[in-house]
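Enquirer: Each chain, letter by letter, is given below.
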Amino acid sequence: MRVTQFSKYMPYLSNLEEIQSRKYLNELRLSTGKQIVDISETPDLLVQKKRFEHQINLHRQYKKNIEYAINFVQHTSETLETIANNVQKIREIAISATQIGAAQDVSTLGKQIRGILDDIINNLNSDFDGQFIFSGNLLTADSIPQPPGSNNNLPFEIIEEIPTSDNPSGLKIIFKGNTKKIVINTGKFTSEALNTTADELFSDTLLSDLNKIVDLYNLLVYNKNGVLRSETDLFNTDDLSKLNIYQKEIGKMFDKLNRANSRNGALINRLEVQKDQTNSLITVFEGYRSKVADADYASTAIKLTKDQSTLQFALQVGARLTQATLFDFLR
Amino acid sequence: MGVSPSLEIAKRALIAQRLGLDATSENIANVNTPGYSRRVPSFTEGEPLPSRNGFIGNGVLVSKLRTFREEFFDRQIRRSLSNLSTLETDDTIIRRIAVILGEPGENSLNSIISDFFNSFEDLTYKPTDVSLRQRTITIAQTFVGRFKEIANQLNETRQQVLTDINDTVKQANKLIKEIADLNYKIASVNSKMEGENQSLVDQRATKIEELSKLIDVNVTQGDFGTVNIFSNGINLVTGNSYNQLKPKETIDGVTGERSVSILKIDSSGRELATINLQNGKLHSLMSHYNITLDDKDSSGKFSVAKSLEDFFTTFVNEINSFTQNGYGLDDTTAPPPGRQFFTYTGSLSILTTDVNSELIADPRKLPIAGYPGEVGDSSIAKQISALATDSSFLSNQTPDEYITNLVGNIGDIGAQISSLYTISKTANDQLLNQRESLIGVNLDEEAINLVKYQKAFEAASRVVSATNDLLTTLVNLGR
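So the protein lines, in turn, are chains C and F. Here this note's numbering = 1-based position in the first sequence + 829. Here this note's numbering = 1-based position in the second sequence + 183.
Careful: at least some of the hints might be erroneous.
What the hints assert, rightly or not - Below, in silico cross-link-like pairs of lysine-lysine (DSSO-like), each with a Cα-Cα straight-line distance of 27 Å or less:
1) F:Lys548 <-> C:Lys1010
2) F:Lys479 <-> C:Lys1005
3) C:Lys1081 <-> C:Lys918
4) F:Lys608 <-> C:Lys1135
5) C:Lys1120 <-> C:Lys1104
6) C:Lys1001 <-> C:Lys1081
7) F:Lys368 <-> F:Lys431
8) F:Lys608 <-> C:Lys852
9) C:Lys893 <-> F:Lys548
10) C:Lys1009 <-> C:Lys1104
11) F:Lys479 <-> C:Lys837
To be verified - One side of the interface only, derived from the structure: several residues of chain F facing chain C at Cβ under 7 Å:
12) Asn213
13) Val214
14) Ser297
15) Asn301
16) Val558
17) Asp573
18) Ser574
19) Gly591
20) Asp595
21) Ser620
22) Gly623
23) Ala630
To be clear, the hints were calculated from the coordinates, so they are not data collected in a lab. Each residue gets a CB set at the ideal place from its N, CA and C atoms; glycine is no exception.
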């Protein structure tokens, strides 16, 4: 083949351009730590990377949901434990009331119960991160309706109605929330209800069992005529029988609260497991993404060294291209 | 036989070797001229004259200046250049689109879409948190802003492509005219003298190659060394007469789709025919203007702008269909207020859409509850976040899959262009090399030719000098 001046330079320039472009891409990989630096180079890897990133983002969000759920349920569980302890205290007071002879002491016990009842209501109205935990999906004070006789926008309230013979104190515990569940996604196909609803804690939303505490209070503080007990107003047989019934009802409520709380315990365990699984999935997806998207430093560095040597030799060849022709020797 | 024939022979030799020297110096001078075809004088012996001792030669004659240009290589190179030019233009535009989409990078559309859905997922467990609601709206504004930015940049690119189409047509028209002018000059020389003016032929070949980068051309030989130029069967140059090209933009009355076509026009600007280009820079620019960058494209082929527009409008319609049935924090009675998450002026498109200003002003109005007064209900937020994994969102893909595949398609096209470019470039380099080995200049060769012609010229000069001495001797004999 006849070699001309043009045929010496043209392929050389073409090759030089290719070597420099290859070297540039490898330098870019090393400096950024990313394997995919050009959309056209490995589109299949880019798509894979994006799919893994989507999965990572999705699962990070599920993890966030789960972490919130764990905190929420833990807070609910602790609150329920306090409520159950208070209910137990009331039950104990009821038992001790049967053993007390003096009416004055009975009345004092009644006042104690009233104080504990306030604590229970406070606990039932507690919130997590600004949202009520036992009011169904009516999470804020703004959303809690205020029926006649109610003085606040809290889900649970002790109101005072007109005293009757059955309820000489007129006290009544009312619930203004609902029993709807707050459900969150814990995975692509899994979800969990976070909240414990009022009907899970008490027999119904009218709180007939919780109002038994009011009945107990009435029994301890008022005599059979609905008048505040005097020092001489001792328990009669009927009172003792009622006391026994209330004590049993409160005992049932205590059991129900504990059962509800044990469900929360199980839920926390389940959420912890899901969190671990989600974490593992994130780690796996991150590993896959790293495999396709992150630069392999060792092999890239070797490739770069190779490109540098190739470029060096190519430049040496380039220097020779401009060497002497026959004209240099013709004198 | 006398002495004077020797002088005549020497004169012819001097002329021939001078011509050889001239051709050599021309070759050396044009060693780096693109498209230059080296010239070599063809020497033939002069017709012999009869003498008493038989026929004796009559010196040297230059029959012609030989060149080595071959139509086969020229044709192949034109095709290859046309191909390369298409691929180069495609590559430039695809890379520009990738930059506009932020690919491959961290701030891709995928991450913004993911943020959008995750913000609704956050609201499912804390629907009453106004700061989270505010965050969702801010993310939605970023989402719309990013789509608008992309749509605007794609539109700008499309306008730039239209300017390029106009410029390319101007360049093509200039080349067409120059080729016709060169045809005229070549024909004039051809009809008056024997042989072609090789410089003009080389110039014309270079112009035709330039033209083939812009449009696909076919060349046929005409009379008196002229060539005829066709593009996809449409005649553009015949001898010294030629037609010009004109880009014409049409707007579909129904869809508003704008498309450009290339027309052949006569000197008065009358439209004669539509040229259906298949290759070259102009073809590439037109296909990107009419398809890739056209957000109203109806060809059914892959259009980046149309795909993004389809995605966005589907997205907006889906989200609005959910929020229209939802209730805000203060909506306590049915029916739902019918609040749209995204609002638009006129017809729905990326550029006409914004996040509902009512929601921006008051995030409490964000309708994510399914029932009035139930602030903790987030069923609408859940429906929206579930859209992230809904594989029936668009073209049987989830939103993320749709965007990922869109980017993947762009990457695939880029990879295909890259691979075809490498193949075409190699083929083109080989063809250029093969042609160069025929028509190109080798300086060593020219150095030898220089010495060869110089020595021959010196020898012929010596013949003149010797003949002169001989004649002087003969003249002195008579004294």
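Enquirer: All hints are to be evaluated individually against the structure, with a verdict given for each.
Expert: Status of each hint after checking the structure:
Our distance criterion of 27 Å between C-alpha atoms is met by lysine 548 of chain F and lysine 1010 of chain C, whose separation comes to about 22 Å. For the proposed pair lysine 479 of chain F and lysine 1005 of chain C, the alpha carbon gap of about 55 Å is over 27 Å, so the pair is violated. Of the pairs offered as hints, the one joining lysine 1081 of chain C and lysine 918 of chain C holds, with about 14 Å between alpha carbons and a cut-off of 27 Å not exceeded. Only pairs whose Cα atoms come within 27 Å are accepted, and lysine 608 of chain F paired with lysine 1135 of chain C is accepted, the gap being roughly 24 Å.
Pair hint lysine 1120 of chain C plus lysine 1104 of chain C holds up; C-alpha atoms about 24 Å apart against a cutoff of 27 Å. About 20 Å separates the Cα atoms of lysine 1001 of chain C and lysine 1081 of chain C, which keeps this hinted pair within 27 Å; it holds. Under the criterion of a C-alpha separation no larger than 27 Å, the hint pairing lysine 368 of chain F with lysine 431 of chain F is inconsistent with the structure, at around 33 Å. Note on lysine 608 of chain F and lysine 852 of chain C: the hinted pairing holds, with a Cα-Cα distance of about 20 Å set against a maximum of 27 Å.
Distance hint between lysine 893 of chain C and lysine 548 of chain F is fulfilled; the C-alpha atoms sit about 25 Å from each other, no more than 27 Å. Between lysine 1009 of chain C and lysine 1104 of chain C the alpha-carbon distance is near 25 Å, which keeps this suggested pair within the 27 Å criterion. Under the criterion of a C-alpha separation no larger than 27 Å, the hint pairing lysine 479 of chain F with lysine 837 of chain C is inconsistent with the structure, at around 49 Å. Because the closest C-beta pair between asparagine 213 of chain F and chain C is about 10 Å apart, greater than 7 Å, the hint is violated.
The criterion of a C-beta within 7 Å of any C-beta in chain C is met by valine 214 of chain F, whose closest approach is roughly 5 Å, and the hint holds. Checking serine 297 of chain F against chain C by beta carbon gives a least distance of about 4 Å; that is within 7 Å, so the hint holds. Contact between asparagine 301 of chain F and chain C, as hinted, is supported at the beta carbon level, the nearest pair being about 5 Å apart and thus within 7 Å. Hint status for valine 558 of chain F: holds, given a least beta-carbon distance of 4 Å to chain C, under 7 Å.
Using the Cβ-Cβ criterion of 7 Å, the hint placing aspartate 573 of chain F at the interface with chain C is not satisfied: the shortest such distance is roughly 11 Å. With its C-beta approaching chain C no nearer than about 12 Å, serine 574 of chain F sits outside the 7 Å limit, and its interface hint is violated. This hint holds: glycine 591 of chain F has a C-beta 4 Å from the nearest C-beta of chain C, less than the 7 Å allowed. For aspartate 595 of chain F, the suggested interface contact is upheld, since its CB lies about 5 Å from the closest CB of chain C, less than 7 Å.
The restraint placing serine 620 of chain F at the interface with chain C holds, with a minimum CB-CB distance near 4 Å, inside the 7 Å limit. Here the hint on glycine 623 of chain F is kept, as its CB sits about 3 Å from the closest CB of chain C, short of 7 Å. Because the closest C-beta pair between alanine 630 of chain F and chain C is about 4 Å apart, less than 7 Å, the hint holds.
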